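Could you build the full structure based on these sequences and the hints that come with them?
Protein sequences appear in the order of chains A and B. The first sequence lines up with residues 0 to 227 when you count with numbering that gives the first Met the number 0. The second sequence lines up with residues 0 to 205 when you count with numbering that gives the first Met the number 0.
Derived by calculation from the structure, the hints in this document are not laboratory data. Computed from a predicted structure; not experimentally measured. Where a beta carbon is used, it is the ideal one built from N, C-alpha and C, also for glycine. Warning: the hint list may mix true and false statements.
What the hints assert, rightly or not - Quick list of in silico lysine-lysine cross-link-like pairs, BS3-like style, CA-CA up to 30 Å:
no., chain 1, residue 1, chain 2, residue 2
1, A, Lys189, A, Lys126
2, A, Lys105, B, Lys1
3, B, Lys46, B, Lys180
4, B, Lys139, B, Lys21
5, B, Lys166, B, Lys180
6, B, Lys1, B, Lys166
7, A, Lys200, A, Lys50
8, B, Lys172, A, Lys121
9, B, Lys1, A, Lys124
10, B, Lys1, A, Lys126
11, A, Lys105, B, Lys139
Unchecked claim - Stretch-level coverage of chain B by chain A, calculated; a stretch enters the list once three of its residues show a Cβ under 8 Å from a Cβ in chain A:
no., stretch
12, 30 to 37
13, 60 to 68
Said to hold, decoys possible - Derived DEER-like restraints, expressed as beta-carbon distance ranges:
no., chain 1, residue 1, chain 2, residue 2, range
14, A, Leu47, B, Ile53, 34 to 40 Å
15, B, Asn104, A, Tyr219, 29 to 35 Å
16, B, Lys128, A, Lys189, 28 to 34 Å
The lines below spell out each chain.
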Amino acid sequence: MDSSLLALFQLCDSNFPSGGFSHSFGLETFIQRNRVHNRDTFSQWLSLFLKEQMVSSDGLAIKLIYQALEENDLDEVWRIDRLLTIQNMSRETREGTRFMGRSLVKIAGTIYDSELINLYSKRIKEKDSFGHPAVLFVLAGYHLKISRDTTMLYYLYSTIVNLVQNGVRAIPMGQTDGQRIISDFQPILKDAVEAVNRLEKTDFGTVAPGIEMAQMQHEYVNVRIFMS
Amino acid sequence: MKPIKIGIGGPVGAGKTQLIEKITRALDGRVETCVITNDIYTKEDAKILIRTGILPADRIIGVETGGCPHAAIREDISMNAETVDILIDRHPNVELIFIESGGDNLAATFSPELVDFSIYIIDVAQGEKIPRKGGQGMIKADLFIINKTDLAPYVDANLDIMAADTKVFRGDKPFYFTNLKTNDGLEDVVNWIDEHVLLTGLNELN
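Given below as structure tokens:
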């Protein structure tokens, strides 16, 4: 087996300290309204979140950044990084990805010997970049010479796994239901990668309004266990 | 210079928020302080501190921990560590940062990557047997506090037994009895912070 794939696995592992357990990205708003309350309703939300936000924002960012890296166009990498954060309408989700991105970069800087990741870390310290998990992930994938689609697939997978864990805790759902969802999502994740590859640059950041509104409304939910 | 970080752990209702409120008041004007609170369900503790405490609101940040208060101070400190950076950015001269853990079970210990010192606080009314249970939070903390001593007669708790049990698990490591409502024992805690954390008086010795 390819050892560089193992190096990327480390980043996908739900044990990797990204702070993801503190963020629901709007899921908690739906839980509070009792719109998400069991496996079926959670799966519906997760599927929408993946198809209507992850594909056109994080997924497409990975595709565009990977292309820019292949063309050695670093300005474009930092431009996409910036758009990824500022296009996000919800303050809490913006801060959440920023916190997670910064945290991931700190550890990634010590485990991967990558000039690009070090440069990204420097830019974040100097406030030239915000920091975002998707950007760090694609920098790591490119550094490890993992293909673009595989990098994207693993990123989306790790996002889904994190949200399922949070769903199990916050709804709550049974652990077996949680694992069934992850298993059921395998073909959906592959479709999501194909969907990203059908998108153009102009599609970047188009998100379903309901998903985004719930992320903004999270600021005002009564009981909060998540920061976003 | 980097600020010193003190973790405050202990079960719900033991007096973590009040301890921070009293210490920050005692250190006011002398030590520049900020606070991070990790509530389990809300930002209530941050709000209480802002309302009752001496610190202005921009020195207190509440962090939600996704129902995992223990993880946020040990296995994955990311959100707290980033919040520390934000506070330093906001107040570059901050000398001391308290990180209040969400009230959790007796096993909650702090990552050495997050804090420099930790204090674990319980209260008498939770039961005389708490020290005897040998929770890791109590054992590993640099300072252990048994609060609400005034309630001992009402819950049939024998403070001598609590002290003896504490010594079994903590050996010679310090612990104090307090009643934070009346500030009983608060001076001991503040002196401990001065001597062991802030190293006050070191210049005079030299």
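Subject >> Within 8 Å of chain A (C-beta), three or more residues of the stretch 30 to 37 of chain B >> reply: violated (count 0)
Subject >> 34 to 40 Å as the expected CB spacing between Ile53 of chain B and Leu47 of chain A, which holds or is violated >> reply: Because 46 Å falls outside the window, the suggested range is violated.
**OP:** Take a quick look at whether Lys1 of chain B and Lys166 of chain B sit within 30 Å of each other, Cα to Cα.
**Re:** violated (33 Å)
Original post:
Within 30 Å, alpha carbon to alpha carbon, are Lys105 of chain A and Lys139 of chain B?
Top reply: holds (27 Å)
Original post:
Can the stretch 60 to 68 of chain B be counted as covered by chain A under the rule of three residues or more with Cβ-Cβ separation shorter than 8 Å?
Top reply: This one holds; 6 residues, not fewer than the three required, reach chain A with a Cβ under 8 Å.
Original post:
Taking 30 Å as the top limit, are the C-alpha atoms of Lys166 of chain B and Lys180 of chain B close enough?
Top reply: Holds, at about 25 Å.
Subject >> Proposed proximity, Lys126 of chain A with Lys189 of chain A (alpha carbon, max 30 Å) >> reply: violated (35 Å)
Original post:
At the C-beta level, are Asn104 of chain B and Tyr219 of chain A separated by a distance inside 29 to 35 Å?
Top reply: Cβ of Asn104 of chain B to Cβ of Tyr219 of chain A: about 31 Å, so the range 29 to 35 Å holds.
Original post:
Has the given pair, Lys46 of chain B with Lys180 of chain B, been kept, meaning a C-alpha gap of at most 30 Å?
Top reply: Given that 30 Å is the threshold and the Cα spacing comes to 19 Å, the pair holds.
**OP:** For Lys128 of chain B and Lys189 of chain A, compare the CB-CB distance with the range 28 to 34 Å and indicate the outcome.
**Re:** Hint violated: Cβ distance 55 Å, outside 28 to 34 Å.
Subject >> Pair hint Lys105 of chain A and Lys1 of chain B, alpha-carbon separation not exceeding 30 Å >> reply: holds (18 Å)
Subject >> Restraint status (C-alpha distance of Lys200 of chain A to Lys50 of chain A at most 30 Å) >> reply: With a Cα-Cα distance of about 17 Å, the restraint between Lys200 of chain A and Lys50 of chain A holds, given a limit of 30 Å.
Of the numbered hints stated above, those contradicted by the structure are hints 1, 6, 8, 12, 14, 16, listed in ascending order.
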